[in-house]
Amino acid sequence: MLANLWAWLEALPIAEQIGATWWFPLLESFHVLSSTFIVGSILMVDLRLLNLAGTKYPVTRIIRDVIPWTYAASAVSVITGVGMFITRASRYAEIPAFQIKMTLLVLAAINMGVFHLVSARGISNWDTASSTTSAARFAGACSLLLWVGIMLSGRWVGHVL
Amino acid sequence: MPGGPPIVQTVHLLGISVVMGSAVLINLRVLGLALRSQSTEDLIRRLAPWTWTALPLLALSGLVFIVAQPYRYFDNPIFRLKFALMVPAIATTIAFHRRPDARGRLSVVLAVLSLALWIGVVLAGRWIAYVDYLMPVE
Chain A
1 MLANLWAWLE ALPIAEQIGA TWWFPLLESF HVLSSTFIVG SILMVDLRLL NLAGTKYPVT
61 RIIRDVIPWT YAASAVSVIT GVGMFITRAS RYAEIPAFQI KMTLLVLAAI NMGVFHLVSA
121 RGISNWDTAS STTSAARFAG ACSLLLWVGI MLSGRWVGHV L
Chain B
1001 MPGGPPIVQT VHLLGISVVM GSAVLINLRV LGLALRSQST EDLIRRLAPW TWTALPLLAL
1061 SGLVFIVAQP YRYFDNPIFR LKFALMVPAI ATTIAFHRRP DARGRLSVVL AVLSLALWIG
1121 VVLAGRWIAY VDYLMPVE
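For the protein sequence lines, the chains are A and B, in the order given.
Position 138 of the first sequence, counting from 1, maps to 138 under this note's numbering, and the rest follow consecutively.
All you need for this note's numbering is the position in the second sequence, starting with 1, plus 1000.
Source of the hints: derived by calculation from the structure; they are not laboratory data.
The reader is advised that the hints may include incorrect statements.
To be verified - Which residues of chain B face chain A? A partial, calculated answer using Cβ under 10 Å: (1) L1025; (2) I1119; (3) W1127.
C-beta: ideal position from N, C-alpha, C; glycine also.
With the rest of the complex left out, here is chain A (with noise of 0.2 Å):
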């Protein structure tokens, strides 16, 4: 059933015209620009909540600031992601190491989930305070080594493939 998707994806004009020009090259660039610029903000939010940087600014306002960015970012990562895996779809689909990535990709969206749902609940008594909650910092731990994780595997996918 996927197999077919992957087939179908592939045999798309605009999948055979990134793969066979320098289109692949260019939006592999500019998924690396905008993928370092995800991990730059998001480390930014994770230092602050682990304590070891912004110590002087409020958790919230850290967040507002930056995220926005880091969004915008992920479309620009999501649409060039999108636009080379079109190229090989049952390939990528098949080696481990993107298998990997992926999964670490939902496990960072859960981990942003469950701290602005729960962990985040009440952050007006610890927002300002220079030590912050610890499920805030097991939030941000788990996230600095989920996106460490993320790119070293889709570096290793660019190697395997």
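Start from chain A and add chain B according to the hints.
For chain B alone, coordinates are given in the frame of chain A:
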């Protein structure tokens, strides 16, 4: 060593991420596009040192690539372009760090230039591997 190249590249990418979160965000702040609730001066003082921490890490991880395959780099025009963009990119960030209180048209022009240079460095870095697309071997 299997896994060596992607690990060293990931270290390099994490270094670039730190530059994105400092030098590039400083430019966006000077242009009034990001982090507007924080003062530009404070932000530059707080973020610029992160770039100075990341650069040695980037140099070290970058050196590993060069030592492993020197001919891939020294004969590569995109590699030279990357360094030609990097020197002024670093200079613009030094300028902001030295004069965090600077305002006016010059600092806006400098921020646009700095943003373009840093983005150019990252894109050129990736294109080192794809030089053949731009300059097909005769």
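Going down the list of hints, with the structure as the test:
{"no.": "1", "hint": "L1025", "verdict": "holds (7 Å)"}
{"no.": "2", "hint": "I1119", "verdict": "holds (6 Å)"}
{"no.": "3", "hint": "W1127", "verdict": "holds (6 Å)"}
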